Amino acid sequence: DAGVTQSPTHLIKTRGQQVTLRCSPKSGHDTVSWYQQALGQGPQFIFQYYEEEERQRGNFPDRFSGHQFPNYSSELNVNALLLGDSALYLCASSLDRRLGRNEQFFGPGTRLTVL
Amino acid sequence: AQSVTQLGSHVSVSEGALVLLRCNYSSSVPPYLFWYVQYPNQGLQLLLKYTSAATLVKGINGFEAEFKKSETSFHLTKPSAHMSDAAEYFCAVSEGSNDYKLSFGAGTTVTVRA
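Heads up: the sequence lines are chains A and B, in that order. Mapped onto the working numbering, the consecutive letters of the first sequence carry residue numbers 13 to 127. Mapped onto the working numbering, the consecutive letters of the second sequence carry residue numbers -19 to 94.
Source of the hints: derived by calculation from the structure; they are not laboratory data. If you're wondering where the values come from, they're calculated on a predicted model, not measured in any experiment. Hints are all accurate, no fakes.
Simulated pairs of lysine-lysine, DSS-like, Cα-Cα distance not exceeding 27 Å:
hint : chain 1 : residue 1 : chain 2 : residue 2
1    : A       : 38        : B       : 29
2    : B       : 48        : B       : 29
3    : B       : 38        : B       : 49
4    : B       : 48        : B       : 38
5    : B       : 49        : B       : 29
6    : B       : 38        : A       : 38
Cβ-to-Cβ under 10 Å is the rule here; a few derived chain A residues that face chain B:
hint : residue
7    : 45
8    : 59
9    : 70
Think of the CB as a built atom: it goes at the ideal place given N, C-alpha and C, for glycine as much as any other residue.
Please take these sequences and the hints and turn them into a complete structure.
And the structure:
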């Protein structure tokens, strides 16, 4: 049973560029959340997707956007990259919380470096 | 709004000694609480979770945690540390039936001395 997978593993961009990160949820999961983990800090919630819609959003600017596809996979897009966007981006999948399942399974992350 | 405070950014223990990692939370409703472990250059792995059932929760790799509502705490323990326990540990809280996000603490790095 494949767990959560993310691509690419590492990415280097320059300021002002745009980036797209991808995530495939654990088999059977329908909900995808994205987190940003800066060096030496805990993960910070960016947003969550369920049924192809953004269901909840954290305190991140509109430069951060996402998408969920019918097969439940997801993309995170960041526009106009800033140096401060350098971080490990984690994807987590889960079953819809309303079903009583609230456990999130994390992927290995994408390390984004902005120069 | 919920939040988590992890007391101590670094903990050093001898192999075979008790591991104790402290987590205090704030939440306006009964919370769901989690401990995750992160090994270098990897994602987060769930150690254990509290979801309003038993207050003493047993997890993987010999870890357990006790939910104490009166102290708003969810401390993580392991009776005997192993070298493989060296990692970063995060406490997280989720609140309410309509709040889907996890709010994490800043993490505690554990080193194990031979």
